Amino acid sequence: MVTKEFILDPYDNQYLAILSGHLDENFRLLEKRLGVEINNRANVFKIIGEDAHVEAALEIIQQLYQEIEDNRCLTTEKLHLIVQAGCQKLSDSISEKPSDIVITTKKGLIRPRGINQQTYVENILSSDVTFGVGPAGTGKTYLAVAAAVDALERQEIRRILLTRPAVEAGEKLGFLPGDLNQKVDPYLRPLYDALYEMLGFERVAKLIERNVIEVAPLAYMRGRTLNDAFIIMDESQNTTIEQMKMFLTRIGFNSKAVITGDITQIDLPRGKTSGLRQAIDILSNVKGVKFSFFQSADVVRHPVVQRIVRAYEANDELAQKKPQNRNERFELNDENTFESQDDKTQDAGQA
Numbered sequence: 001m002v003t004k005e006f007i008l009d010p011y012d013n014q015y016l017a018i019l020s021g022h023l024d025e026n027f028r029l030l031e032k033r034l035g036v037e038i039n040n041r042a043n044v045f046k047i048i049g050e051d052a053h054v055e056a057a058l059e060i061i062q063q064l065y066q067e068i069e070d071n072r073c074l075t076t077e078k079l080h081l082i083v084q085a086g087c088q089k090l091s092d093s094i095s096e097k098p099s100d101i102v103i104t105t106k107k108g109l110i111r112p113r114g115i116n117q118q119t120y121v122e123n124i125l126s127s128d129v130t131f132g133v134g135p136a137g138t139g140k141t142y143l144a145v146a147a148a149v150d151a152l153e154r155q156e157i158r159r160i161l162l163t164r165p166a167v168e169a170g171e172k173l174g175f176l177p178g179d180l181n182q183k184v185d186p187y188l189r190p191l192y193d194a195l196y197e198m199l200g201f202e203r204v205a206k207l208i209e210r211n212v213i214e215v216a217p218l219a220y221m222r223g224r225t226l227n228d229a230f231i232i233m234d235e236s237q238n239t240t241i242e243q244m245k246m247f248l249t250r251i252g253f254n255s256k257a258v259i260t261g262d263i264t265q266i267d268l269p270r271g272k273t274s275g276l277r278q279a280i281d282i283l284s285n286v287k288g289v290k291f292s293f294f295q296s297a298d299v300v301r302h303p304v305v306q307r308i309v310r311a312y313e314a315n316d317e318l319a320q321k322k323p324q325n326r327n328e329r330f331e332l333n334d335e336n337t338f339e340s341q342d343d344k345t346q347d348a349g350q351a
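With UniProt numbering, the residue at position 263 of the sequence shown is 263, and numbering never jumps.
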């Protein structure tokens, strides 16, 4: 971790207010995207984080400030373009260097790709509870299973437990045919696929038979304390608040938990709040809990998947902004207060 201080010139209170955004929302966006901490007093800034991340944050802040100087405003679109370009540049520079982080499995060495995957694996290895949040295809589940297999092979844990919400928030498994495993297996197929790839079908079958690898629906974890275990919950966006709390309080001594999910694919009934969404809001500052956020640029499946994810993200952003103008701008008026360009146009028309 490094700390870097710098001064933004020229000093201008109005420019700095535009830069920070409402309630410092622009700085919070940067912190989330780059995994850094940003503090400032007027135009004196201090950024804390990994060296490359700090440099990227510094460069992005300077570019945003220059944009404000040039145009006396900062559109939402321009903000996200500059931030996205800076994050992509950082990811590309790190991807060019061999990662020091390696997960060992029967398949061989697995190296995370890009900055977000590397940070994710670092968090898994160093923290008790890790959340991996992002779109499909970013390696959240695969890397979690790889880390679990690595820990099992090193005898750091005694068992792996896999779970996810099944069918719906209510988990009405009793209506499905078959025994417990047959009811739950279809919903845990992505986890099984990763296990088979890393350990082989026969070894996985033997470990399941000996309960070294355990598969259980989320509802069956109530009342248990899981010691010496690596616990993975997939599709956590479909947990309720109560289910998420129940899961997190099952963690025992010498255990790790990895929770993966995509908050853009919540299938809960209308009116139900996602346990994952609330966890992001209230657990971000809890010691021992780390969050890793993935973007569409982190998708490692077929290139068309990345383009599809981006198209859906753009559509969701557009839907959230309606009925606002997508390029709505906020500028300084004569009274040095912020005013929407759309409001000014309407006022002129009424005059």
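Calculated from the structure, these hints are not laboratory results. Just so it is clear, the structure is predicted and the values come from calculations on it, not from any experiment. We treat Cβ as the ideally placed atom computed from N, Cα and C, and that holds for glycine. You may find that some hints are simply not true.
Quick list of simulated restraints, FRET-style, between CB atoms [stated by the list, open to error]: (1) Arg270 - Gln14: 41 to 47 Å; (2) Ala17 - Ile48: 55 to 61 Å; (3) Lys4 - Val212: 33 to 39 Å; (4) Val212 - Asp24: 44 to 50 Å; (5) Ala319 - Arg111: 36 to 42 Å.
Here's how the hints hold up against the structure:
Between Arg270 and Gln14 the Cβ separation comes to about 42 Å, which falls inside the hinted range of 41 to 47 Å. Between Ala17 and Ile48 the CB atoms are about 23 Å apart, so this pair departs from the stated range of 55 to 61 Å. The hint said 33 to 39 Å for the Cβ distance between Lys4 and Val212, and at roughly 46 Å that hint is violated. At about 47 Å, the beta-carbon gap between Val212 and Asp24 stays in the expected band of 44 to 50 Å.
Between Ala319 and Arg111, the C-beta spacing of about 37 Å keeps the proposed range 36 to 42 Å intact.
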